[in-house]
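Just so you know, the UniProt record's numbering puts 147 at position 147 of the sequence shown, and the rest follows in order with no gaps.
Don't read these hints as lab results, they were simulated from the structure. There is no bait here: all hints are sound.
Cross-link-like lysine-lysine pairs, in silico, PhoX-like; alpha carbons within 25 Å at most: (1) Lys129 x Lys145; (2) Lys546 x Lys307; (3) Lys517 x Lys145; (4) Lys10 x Lys129; (5) Lys129 x Lys141; (6) Lys546 x Lys129; (7) Lys10 x Lys61; (8) Lys145 x Lys519; (9) Lys141 x Lys10; (10) Lys519 x Lys307.
Simulated DEER-style distance windows between Cβ atoms: (11) Trp436 x Pro249: 50 to 58 Å; (12) Pro497 x Pro468: 26 to 34 Å; (13) Thr430 x Glu42: 50 to 58 Å; (14) Ala462 x Ser112: 53 to 61 Å; (15) Ala50 x Pro289: 40 to 48 Å.
By construction, the Cβ of each residue, glycine as well, lies at the ideal position given by its N, Cα and C atoms.
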Amino acid sequence: MELTVSVHPKPWPEPAPEIVAAIRSIYRGKRVPPLPVRVRDELGELFADAEYAAAFGVEGKPGWSPGRLALITVLQRVENLTDRQASEAVRADLSWKYALGLALDDPGFDASVLSEFRSRVVDHGLEEKALDLLLAALVEKGLLKAGGKQRTDSTHVISAVRDLNRLELAGECVRAALEAISAAAPHWVEQVLEVGGWAERYRARIDSWRLPAAQTKREELALGYGADGYALVEAVHAPFSPLWLRQLPAVDALRIMLIQNYVRTTDRAGREVVRRRRPLEDGGEGLPPGRWRLTSPYDTDARWAAKGDDLFWNGYQVHISETCHTAAGTSTSTDGSTSTDGTGGGLTPPNLITNIATTDASVPDVAMTDTVHQALHRRGLLPSEHYLDSGYASADLLVSARATFGLALVTPVLLDHSPQARAQAGYDRTAFTVDWENQQVTCPQGQISNSWNPCRQRGTEAIVVMFPAAACRSCPVRTLCTTAKRGSRQLTLRPQPMQQALDSARAEQTSKDWQDKYKLRAGVEGTMRQAVAVTGLRRARYRGVKKVHLEHVFSAVALNLIRLDAWWNGHALDRTRTSHLARLELAELALTA
Numbered sequence: 001m002e003l004t005v006s007v008h009p010k011p012w013p014e015p016a017p018e019i020v021a022a023i024r025s026i027y028r029g030k031r032v033p034p035l036p037v038r039v040r041d042e043l044g045e046l047f048a049d050a051e052y053a054a055a056f057g058v059e060g061k062p063g064w065s066p067g068r069l070a071l072i073t074v075l076q077r078v079e080n081l082t083d084r085q086a087s088e089a090v091r092a093d094l095s096w097k098y099a100l101g102l103a104l105d106d107p108g109f110d111a112s113v114l115s116e117f118r119s120r121v122v123d124h125g126l127e128e129k130a131l132d133l134l135l136a137a138l139v140e141k142g143l144l145k146a147g148g149k150q151r152t153d154s155t156h157v158i159s160a161v162r163d164l165n166r167l168e169l170a171g172e173c174v175r176a177a178l179e180a181i182s183a184a185a186p187h188w189v190e191q192v193l194e195v196g197g198w199a200e201r202y203r204a205r206i207d208s209w210r211l212p213a214a215q216t217k218r219e220e221l222a223l224g225y226g227a228d229g230y231a232l233v234e235a236v237h238a239p240f241s242p243l244w245l246r247q248l249p250a251v252d253a254l255r256i257m258l259i260q261n262y263v264r265t266t267d268r269a270g271r272e273v274v275r276r277r278r279p280l281e282d283g284g285e286g287l288p289p290g291r292w293r294l295t296s297p298y299d300t301d302a303r304w305a306a307k308g309d310d311l312f313w314n315g316y317q318v319h320i321s322e323t324c325h326t327a328a329g330t331s332t333s334t335d336g337s338t339s340t341d342g343t344g345g346g347l348t349p350p351n352l353i354t355n356i357a358t359t360d361a362s363v364p365d366v367a368m369t370d371t372v373h374q375a376l377h378r379r380g381l382l383p384s385e386h387y388l389d390s391g392y393a394s395a396d397l398l399v400s401a402r403a404t405f406g407l408a409l410v411t412p413v414l415l416d417h418s419p420q421a422r423a424q425a426g427y428d429r430t431a432f433t434v435d436w437e438n439q440q441v442t443c444p445q446g447q448i449s450n451s452w453n454p455c456r457q458r459g460t461e462a463i464v465v466m467f468p469a470a471a472c473r474s475c476p477v478r479t480l481c482t483t484a485k486r487g488s489r490q491l492t493l494r495p496q497p498m499q500q501a502l503d504s505a506r507a508e509q510t511s512k513d514w515q516d517k518y519k520l521r522a523g524v525e526g527t528m529r530q531a532v533a534v535t536g537l538r539r540a541r542y543r544g545v546k547k548v549h550l551e552h553v554f555s556a557v558a559l560n561l562i563r564l565d566a567w568w569n570g571h572a573l574d575r576t577r578t579s580h581l582a583r584l585e586l587a588e589l590a591l592t593a
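Please take these sequences and the hints and turn them into a complete structure.
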C-alpha cells in the first residue's frame, strides 16, 4: 500500500542570514555567484508548492516541498547528477541551500524522495509544469513573447533497457512475467507451476551469450519460449487465478509479445502447434509494423527506428523548439567585461527553449509539427516564422500552419520527382498551366486535358489529370513530355491551396536570399549538442515515455537556466571554435567603427 504524503502549500523561506553572509563573502568583487544563487535572486520562488499540490494528499505524513523538489531536479540536470548526488548537494552545497531557502543545518532528505516525486508528477499529468512556470516567468519579465523566429529539430534517445533480438525478447518476456508473478503471488506460483523446472529455464536473464549457436537449436528454444508463454498466460487467466494477476504489466507485455511473434494452429492429428510468425515476403503470417512492435518487457513504450544508413536505435525521439535571434541583433562587449546587474549587459536575450516533445522512436517528424504548434499556442509563444528541416514539412502543413496559427514554415519541401524534373530536361509540372476554376490543365503545346479525377493516394487528397491519348501519340515533342510507350501524359496534383503553396515553396527555396535566411535553422544543432553534453539527453534515465518526457522537460528548464545565467552575467553567445586571432580582429573592427 502506498504511503499517503500530504503537502500544505506555503511560500519558500528567504535564504538564511548566515548563508547569505557566507555567499556574499565568497562571491564578492568580480567573482560570479553560482547558478543556483543567481536563479534565486532573479526568479525568486520559481516553482510554487501550490502548482504541484494536486499530486499530493491533504492528510497523511508531511512531505517535502514539491516546488523545492522541482528546482532540485532542475539543478540535478544542470550538473548531471544522480539522485544520491543531488540529495547530498542539498545537504552540503551552500548555493543550493541559498536557492531553496534552507537552514544551514537542514538534514535534507533520502534520495528515494526524488524518485517518488517524479512518479507523482507523472501520475497526475504535471510533466510540463516546470517548463510552463519558467516560460510564464520569462514572459512576465519581457524575455519571451509571441512572434519572432523559432526553430525545431529532433534527435534520437536511447532507451534505458538493453537491446533484444526476437529470441531474447521471447525468453525475457516469459522471465519478466514469472518474476512479477512470483513477487506478487508466491503462493499461487507454488500451487500452479512446477517451480524447479521453470526456475531452471528462467533463473538467469536471457542472453545471446548463453544461447546455443546452432540455428536448429535456437529455433527449438524459440518454440519452447512460445509454449511456456502460452501456458503461463492461460494459467493466469484460469478461473482459479486471482483477477488482479492479469493486470500486472509484465503479464500484459507477455501477452502482447505472443500475439506479435507467435501463432497457434492445429495439425492434422488435432494437436495444438506453436509456430513463430514469419514476414509476409517469406510466405508467413506477417509481423506487426515497427510502431506497434514490442522491444522489451521492461519498457513497453520504446520502439526500434532507423535514420539514414548508419543510425539504428531502440528508444525515443525528442523534439526541441527554441527562439532564434539573428546575429545582427546581438551586441557584444569588446573589452571582456561582464555585467552582474541582471540585465545581460545590453546583450540580446539568449535563445530559449519554448517547447519539448517526446515520442517513441517510430513517430516521424512530420507527425509532430502540428503538435508543436499547439503546444506553443497554449503557452502564447507562437512564432511568426518557424524554421524546420524537410522532415517536418508537407504541403498540407504549409497551408494549415498559416491558416490555423498565422505562422510561416521556413523549410525546404520535397522537389518534383518526375523523370522530367530529375533529368532537368523536358516538361515537368511547372510547364503546365492549371485552370482550377474549370478543372482543366493546358500543356506547353496548347493541348487541354480531358480528365480531372479527385482521389486519395496513400491517405492524402490528390487530383489525377490526363490528356487525350490520340493527341499525345501524335505530339511532336512526346519524348520531352512522357516516358510512357503507350497512353498519354498524366499529372498528379494536390488540391489547389496545397499545390499552390507547394509550387511557391519550391520556387522560393532555390533563391540565394531564401538559402541565406534558412541558415538560421542550423543553430539548433548547437542546442542538441549542449543538451547531450550537459544533461545527458542522448540516453534515457527512466523507462516509459511519460517519465522520459519528464526528464526531457527538466533538461529543457536546466538548459534555459544555464543560458539565462550566462546572459545575467554578461557573457555573450559566441560562435564555436572562434580563434584568438579572430577575436582580436573583431575587437579592432569595433574600435575603428
